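Fit chain B to the supplied structure of chain A, relying on the hints for placement.
2 protein chains.
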Amino acid sequence: MNALNIPDTNLKRIVIIGCGFGGLQLAKKLAKQAYQVVMLDKHNYHTFQPLLYQVATAGLEPDSIAYPIRRIFKGQKNFYFRLAAAQKVEAPQNVLHTNIGPLQYDYLVIATGSTTNYFGLKGVAQKGLPMKNIPEALNLRSLILENFEKAALSHELSDRQRLMNFVIVGAGPTGVELAGALAELKTHVLPNDYPDLDFRQMSIHLIEAMDKVLPPMSDTASKKSLKYLTQLGVQVWTDTKVANYDGKDVYTDKKTLPASTLIWAAGVKGASIEGLNEQGEMGGGRYLVNEFNQVGSHQNIFAIGDVAAMQASEYPKGHPMLAQVAMQQGQHLAKNFKAWAQNKKPQNFKYKDPGTMATVGRNKAVVDLGTLRFGGFAGWLVWMFVHLMSLVGFKNKAVVLTNWVLSYFSYDKKMRLIIRPFQRQNFSD
Amino acid sequence: MNALNIPDTNLKRIVIIGCGFGGLQLAKKLAKQAYQVVMLDKHNYHTFQPLLYQVATAGLEPDSIAYPIRRIFKGQKNFYFRLAAAQKVEAPQNVLHTNIGPLQYDYLVIATGSTTNYFGLKGVAQKGLPMKNIPEALNLRSLILENFEKAALSHELSDRQRLMNFVIVGAGPTGVELAGALAELKTHVLPNDYPDLDFRQMSIHLIEAMDKVLPPMSDTASKKSLKYLTQLGVQVWTDTKVANYDGKDVYTDKKTLPASTLIWAAGVKGASIEGLNEQGEMGGGRYLVNEFNQVGSHQNIFAIGDVAAMQASEYPKGHPMLAQVAMQQGQHLAKNFKAWAQNKKPQNFKYKDPGTMATVGRNKAVVDLGTLRFGGFAGWLVWMFVHLMSLVGFKNKAVVLTNWVLSYFSYDKKMRLIIRPFQRQNFSD
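Sequence order for the protein chains is A and B. The numbering used here puts the first residue of the first sequence at 390, with every later residue one more than the last. The numbering used here puts the first residue of the second sequence at 390, with every later residue one more than the last.
So that you can see chain A by itself, here it is in the shape it has in the complex:
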């Protein structure tokens, strides 16, 4: 028996680090194959990250977008979950070191996803807020609500405005969706809660370095979402770069915005781990992998999803860091493991782009499906359906649908609870 109490059997052991979209799909598809599967994760649940912004804005609770890993794999033979953080790979010995001890592997799959990238902006890293996991989203929710409690106590107009101003950096789907949700709170929810505050003093700024919102999407989607955001009262600043943040003012290359809260949704990097020198050749913490997701020259070490960069003709810098890529790579790698077990040839990975979408506010979205581009209410219905179906588990689907239906008819179904006060703390580690 090893430190992690995993039985040593005749089966080859695949160790998967991370139960995100990629790791989850891989482990599921390995269910009936002749491998022992060991899944490690820092959390005991899988997180549906696309809806984190709804947790941050009190529209959904954590249990709606999280699902216990042990329950997902209930009854799966030769499967072991351990609540653990990977620390270092010792490739020559085939050993992974974790915070609960070392573990020997036959195959190692790094599916650690991505982490917030501040691009060297120290002030932003210290005073800005990331939103990459549930504790961070809940922390952000507490801060937003505490800001208004503080504003209600403030005698100074400038203090009050600063507390009521929110700057979101990065107009990708996360930034756009968060800005829309905050705008709905401003218009329909908060004025009832804080009758003594004047909500004309509240501003939501969305800053983007590129020349349009939703840069990876079509021009149609980009223009539509800008229109929706503007209608909701969000102030959009494209072609604008953040230079610094001191917790009070956001300094950009164009203007300075007073704001107690800066939410950083402008960049991620691969969450690579120690011990593999081949990492980072693509930059941004991603492992350079071949078409079988093998890392560098290692035959038995793989990386999938955000932490992997596979050069393909359409994607010379690696695939976009999206849930869909991770899921398809996880599923594909499972097939290759099956092929290897049967001494067959593995297949090259090929990404099938299923389209992208983003929601803006309560009942609008923009959708790019190949050449089909649409938005508005129809887009929102598609967005809602796709996200609902992607959630793990019947109860989560039921609870989220109930929440969304209730919210559609009344804005005021949001539960604005400060369960734990805001803490300036790094929840990623």
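Think of the hints as simulated: they come from the structure by calculation, not from any bench. Among the hints, a few may not be true.
Which copy? The list can't say, so a pair holds if one copy fits it or any two copies do.
Here are the computed lysine-lysine pairs in the DSS-like style, where the Cα-Cα straight-line distance is at most 27 Å [stated by the list, open to error]:
id: 1; residue 1: K463; residue 2: K401
id: 2; residue 1: K421; residue 2: K511
id: 3; residue 1: K539; residue 2: K431
id: 4; residue 1: K463; residue 2: K539
id: 5; residue 1: K417; residue 2: K511
id: 6; residue 1: K539; residue 2: K477
Owing to the predicted nature of the structure, the values given are computational and were not obtained by experimental measurement.
Structure of chain B alone, referenced to chain A:
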């Protein structure tokens, strides 16, 4: 303007400390009266404490049993909420000191409820766990789940057993309900999650100093609940007193039980605040109040609910510390405020006992309604109906009902999420 930014008007100001069952009822009933009402609470939500044990055992999420205070009082005129902790009363000056500054009052209502009472047992206070508010319930949930994660790593049988043993002290409704919920987890949920653990090694002990479970209830209820608990596999130790706990073993006057987790549900005391010398005459941190809930000789300082002890012929030591007493005292005090405003005579408070009940496991309960005493499934239906109806808000009722219906048909709808790791921390302050 004062430090709390409450406007000074011609209306008399009533300051209510605490939005529990008593404070909530009082403030609601004051809605149309000619007073300014200022509500202070350490949390921004009202907690439905009777269901805390379901949050601790992952059956419900916080948003199901909590409700934002600002939303409860949405639109109520002359009402102000402040997220604040009361620190000290300066009665001669009619000033309440809080962590956000001092506030002048015309009337002060102390509705601070109760806090865990360890009766001087230092080891228990240091190593045992209370369950009086949502952060504590969530912390307990994390610990329970982390214990099993640790047990799965343990090579030693004795370590494993200790991690899988749970000692609950106090067989009042909270202790009984918690023991029942843990027993259901043991039988129906955890063995699926931890196939490598042997659940015959898991024990749930319920310790009670009195000679029966549910001491305040009828003998019928007591015997029935003992039967249900035994059927669920809970080991009940009546007539047994806890002497010490060191985090590893629970020492009682009869035997020693190895357990990493001791949950203390054996006692509470009034959460009195500094500055009033008349407090504590009844012992246990409760303010001695007259039949109008006035504290000592103060005409304009009141205490209601758990923190108040009003001597009545049937209750020489004060009323029981129950939600119903607090609610009735809150409603009654609102009526008396109306009388005072109209220069009428106030009425004496008289408690109407609506009965007591406790649930044991998934579908059984015991109910005492005057001379009517019943249990089993019928009792559970009554318990469920009464608790559902007592929840604040339509969405909470809907979500809790959905959860309970799903749980009735499948035990496995519980979301066993460790959102924040267990911390040894006092969440009451």
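Here is what the structure says about each hint:
1. Proximity of K463 to K401 under the C-alpha cut-off of 27 Å is restricted to the intra-copy arrangement: shortest distance 21 Å within a copy versus 61 Å between copies.
2. Taking identical chains as interchangeable, the C-alpha atoms of K421 and K511 are never at most 27 Å apart, the minima being 48 Å within one chain and 53 Å between chains.
3. Taking identical chains as interchangeable, the C-alpha atoms of K539 and K431 lie at most 27 Å apart only when they sit on different chains, with a minimum of 14 Å there against 34 Å within one chain.
4. Taking CA atoms no more than 27 Å apart as the test, K463 paired with K539 passes between copies only; the shortest distance there is 19 Å, against 46 Å inside one copy.
5. Neither within a single protomer nor between protomers do K417 and K511 lie at most 27 Å apart by alpha-carbon distance, with minima of 40 Å and 48 Å respectively.
6. Only between protomers do K539 and K477 lie at most 27 Å apart by alpha-carbon distance; the minimum there is 21 Å, versus 44 Å within a single protomer.
Checked against the numbered hints listed earlier, the structure breaks hints 2 and 5; every other hint is satisfied.
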